[in-house]
Amino acid sequence: MKRPTSITINKLNKKFLEHIKPHIAESTYLGYCSYANTIDKFIGDQKVASMTTHDLEEFVNVTMLSATKPNGDVGYAKKTRNNYASYLKRIFSYIYSKRVMNTAF
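For the sequence shown, our numbering begins at 1 and goes up steadily by one.
Simulated from the structure, these hints should not be mistaken for lab results.
Honestly, I wouldn't trust all of these hints.
Stated by the list, open to error - Derived pair list, reagent style DSSO-like, types lysine-lysine, alpha-carbon separation capped at 30 Å:
#, residue 1, residue 2
1, K41, K11
2, K98, K14
3, K11, K47
4, K11, K21
5, K14, K89
6, K78, K14
7, K98, K15
8, K15, K89
9, K41, K98
10, K78, K21
11, K47, K15
12, K47, K14
13, K21, K47
14, K21, K41
15, K89, K11
The model shown is predicted, which means the values in this text are computed figures rather than measured ones.
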């Protein structure tokens, strides 16, 4: 059994998407999957328990600003970065509302 402190962002994304899929429109779900894939690419291996607000802000405001997008362009627009920040807030709200930090996945 995994310890709660070993849960990664990647695993959290998977659990959140499984949970939310029946409750949202297909287009919203596909958008969330896109966010999850990009987040996993950069910080998916990070442990949820060790992530700080600073780490998440740095991801949204520094990493995403200098990242190369799939089309080759560099940097994500402010609105896009805000959408990612909103998604991150949602998955962290999920983990705390479900008390996932206190149980193993």
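Query raised in the report: Of the hints given before, which are not true for this structure?
Result: none
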